[in-house]
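Here the protein sequences come in this chain order: Y and P.
Read in order, the letters of the first sequence are residues 1 to 328 in our numbering.
Read in order, the letters of the second sequence are residues 329 to 661 in our numbering.
If you're looking for bench data, these hints aren't it; they were derived computationally from the structure.
Certain hints may be false.
What the hints assert, rightly or not - Quick list of in silico lysine to any residue cross-link-like pairs, SDA-like style, CA-CA up to 25 Å: (1) P:Lys-655 - P:Ser-600; (2) P:Lys-443 - Y:Ile-10; (3) Y:Lys-224 - Y:Pro-42; (4) P:Lys-443 - Y:Gly-82; (5) P:Lys-443 - Y:Ala-314; (6) P:Lys-578 - Y:Asp-323; (7) Y:Lys-262 - Y:Leu-27; (8) Y:Lys-262 - Y:Glu-242; (9) P:Lys-443 - Y:Tyr-189; (10) P:Lys-443 - Y:Gly-43; (11) P:Lys-374 - P:Glu-347; (12) P:Lys-443 - Y:Ser-320; (13) P:Lys-443 - Y:Glu-242; (14) P:Lys-578 - P:Ser-600; (15) P:Lys-443 - Y:Ser-198.
To be verified - Across the chosen pairs, the derived CB separations fall in these ranges: (16) P:Gln-648 - Y:Asp-323: 55 to 63 Å; (17) P:Ala-336 - Y:Glu-84: 55 to 63 Å; (18) Y:Asn-142 - P:Lys-587: 35 to 43 Å.
Quantities reported herein were computed from a predicted structural model and do not represent experimental measurements.
Glycine included, each C-beta is placed from N, C-alpha and C at the ideal position.
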Amino acid sequence: MEKDKQKKIIDVELYLHMYQQMAKIRLFELEVNELYLSAKMPGLAHLYIGQEAVAVGVCEALTREDYITSTHRGHGHCLAKGAEVDRMFAELLGKEAGYCRGKGGSMHIADPASGNLGANAIVGGSAGIATGAGFAAKRLGNGRVAVCFFGEGALGQGLLYEVMNLAQLWKLPVIYVCENNLYNEYTHYTETTAGELSARPQAFGMHTEIVDGQDARAVYEATKRLVERARRGEGPAFLLCETYRYRGHHVGDIDRSYYRSKEEELDWETHRDPLNNLADWMLAQGLCDQRTLDQIQSEVEAEVKAGVEFALNAPFPDESEVDQHVYA
Amino acid sequence: MSTPDANAREITFGEAIREALAEELRRDERVFIIGEDVAEAGTPFKVLSGLVQEFGPDRVIDTPISEAGITGLGVGAAMTGMRPVVDIMFGDFVTLVMDQMVNQAAKVHYMSGGKLHVPIVMRTTMGATRRSAAQHSQSLHALLSHIPGLKVVVPSTPYDAKGLLKTAIRDDNPVAFFEDKMMYRLKGPVPVGEYTIPFGAADIKRSGADITIVATSSMVQVALGAAKLLEEIGISAEVIDPRTTKPLDKQTLIDSAKKTSRAIVVDEGYESYGVTAEIAAIIADGAFYYLDAPVKRMGAMDVPIPFSPALEDLTVPTEQDVVEMAKTLCGVV
C-alpha cells in the first residue's frame, strides 16, 4: 500500500510537470506570435501550438543526456528537452544571449547541454544526425538513446528510409517520432502519401507504435516503453503520433480556408486539446485541484514574460561575430 | 619544397592512404571507416585491403548503398564523440550526399554558435581517363570548395596523401578528401615514421623562374611533366601545388606569380566556375602589377565526360596542352 501511495505521488508530480511544460510551450508560442505580429521578431516562425503533448510526452521519458534532433517547428521540442525560455527568446530575436549566439534563429536552436543536437530546417534533414547519435551511443556504450522528431511530411524524404534501414540493421537506440499533424505545409498528407504511414517503418521490420498525440500520458507511456527497449539493446522504434497543428504552417499562414476548414480546427481545439485533456483527467481523478493548475499557469506566465523582457533588452551580437565559428 | 626524409621508402598513393587510415585507427579508437564494400572487398580500388582484418567489422563497416544515409549517420556520430571516415566510392556520388555535407556538416558548428563540432572526413575519388563515362569520372571538388565550413583536400603524391589524410582525421571540422583514382598506383617516397601535413600550406613541387604553373591533384603530375618538356626549350617553370583548395594558401601562389610574372592554373574540375577560376582571380588580384600576361585557366572541358577513349582524352588537360599554353604566355613560338 505504501508503495502504491508513493508511486501515486511520483505520478502526480510527473503529470503536473508535463502540464507545466505544455503550458510553457503554449504560452511561449503565443508570445512568439505576438512578437512576429508586432514586427519585433525577424524571419519566420512555425508554431507548435496543438502538438505540445508529443514533445512533452516524449521528452519526459528521456534523461537530460539522451539526444534529440528537432525540426523547423521545433520550439516545443527544445523547451521540452530542457531549454530555458529566456535564451530561447533571445535566439529567436537574433541576440547574442541566445542558444546559438543569434546565429541559428528559430529553425536552428541547438543546446548540447540538454542533449539537443539541433533543430533542422531541411525536412527530414536531421534523420541522419539522430541515427548517427544513436550509433555513437551504442559504440561508446553510454546508454543514451536518440530521438528524431519529424513531421509526416518527412516521409517524402529518401534519407529517412536510408537511415531507418541502417538503424534496424544495426539495432541502434534511435526512436523515430513522427508527428502526423495532418498537413505537409498547406497540403493534407493523404494527397502526398501512398499507403499507410505506419507500413513504412514496418517494411524494415521496425517496431512501430501508434499513439494519440493529444494525450501526453499516452505519449509518455509509449515512449518510456520504446526507450527501455532501446536501452536494452533491442533496437530502434517508430512512434507515430496523431496530432494537429492549430495554426498555419508559419505565422503568416492566416487564410487557411483553401486547404482546411474552420470547423476542423475548432473541433480539435475544443475536443482534443492536449492541455485540457491532461487537466480534465487530473481533476476527474482527483489528482490535483483547479487552484494548482491556475498556480502553474501564473508561474509559466511570469516565466514567459520575464523571458521576453530579457530577450528584448539583450544586445545583438557584435559585428566581429559574423565570421567566427565558421571553422572550429 | 617538402620532401620525405632519408628513411623514406617507395610506396604507392593507395598504400599511403591505407597507412594513414591504419595509423589513425590504431591511434584513436573513436576513428572508424564506413562505406560501401570497404571491409572484405577493400573498395573496388583495393585501397582499404587488409584493414578489416586488423580492425574488425565494427571499425571498418560495410553499408547498404545509401550514400546520403551513411554520410548523415557520420555527421551525427561526429557530433556525439566519434571520428568517422566516410567512404564515397566515386566522386560523382557526392551529389547524393550534398545535403548532409553542405546543409548539415558544414553549418552545424556555425549555426550552434560554436557549441557543436563535426569532425567527419568524407573520402572520395576524382579523375577522368579511366573509361568510366559521365557518372564515374568527374572531379567535383569545386562544388564542396564553394561551401564555408568545409575543408577540401586534393593531394598529388603518396607523401602528401598520407600526411594530409592524417591531418584531416584529426581536424575538428568536416573535411572532403579527394583522391584521383588514376594515381592510386603512383609510387613515391614516404617516410616510415609519423608525420602530418598542415592544411592551407601550398607546396612548391618544382622551382622555376619564368612561369608559374599552379596545379592540383593529378594535374600536378601533368604540370611536372610539362615543366620538364619546357626546360628542354629553355623555359623554367615553377610548379605549385596548393594541396588544399580550402583553406587556400593564397600568399604562396601570389608570391610565385610575382616572381615569374606569368601563371597558368591547371585543375581537373570543369573549367567554368571552377577551382581554376578562383585561383586565377586570386593571382590576378594579388600579383596584378607584376604580371606580363593574363593568368590562364586550364580545366576539364565543359562537357559531360564521354565514354569513347577517342573523345574522353580530349576533355582533360595534358602535358602537351600545358606546354603549348606556357610557350604562348612566354612568347616562344
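Here's how the hints hold up against the structure:
| no. | hint | verdict |
| --- | --- | --- |
| 1 | P:Lys-655 - P:Ser-600 | holds, 23 Å |
| 2 | P:Lys-443 - Y:Ile-10 | violated, 35 Å |
| 3 | Y:Lys-224 - Y:Pro-42 | violated, 38 Å |
| 4 | P:Lys-443 - Y:Gly-82 | holds, 16 Å |
| 5 | P:Lys-443 - Y:Ala-314 | holds, 20 Å |
| 6 | P:Lys-578 - Y:Asp-323 | holds, 19 Å |
| 7 | Y:Lys-262 - Y:Leu-27 | holds, 22 Å |
| 8 | Y:Lys-262 - Y:Glu-242 | holds, 19 Å |
| 9 | P:Lys-443 - Y:Tyr-189 | violated, 36 Å |
| 10 | P:Lys-443 - Y:Gly-43 | holds, 23 Å |
| 11 | P:Lys-374 - P:Glu-347 | holds, 13 Å |
| 12 | P:Lys-443 - Y:Ser-320 | holds, 18 Å |
| 13 | P:Lys-443 - Y:Glu-242 | violated, 34 Å |
| 14 | P:Lys-578 - P:Ser-600 | holds, 20 Å |
| 15 | P:Lys-443 - Y:Ser-198 | violated, 36 Å |
| 16 | P:Gln-648 - Y:Asp-323: 55 to 63 Å | violated, 43 Å |
| 17 | P:Ala-336 - Y:Glu-84: 55 to 63 Å | holds, 57 Å |
| 18 | Y:Asn-142 - P:Lys-587: 35 to 43 Å | violated, 55 Å |
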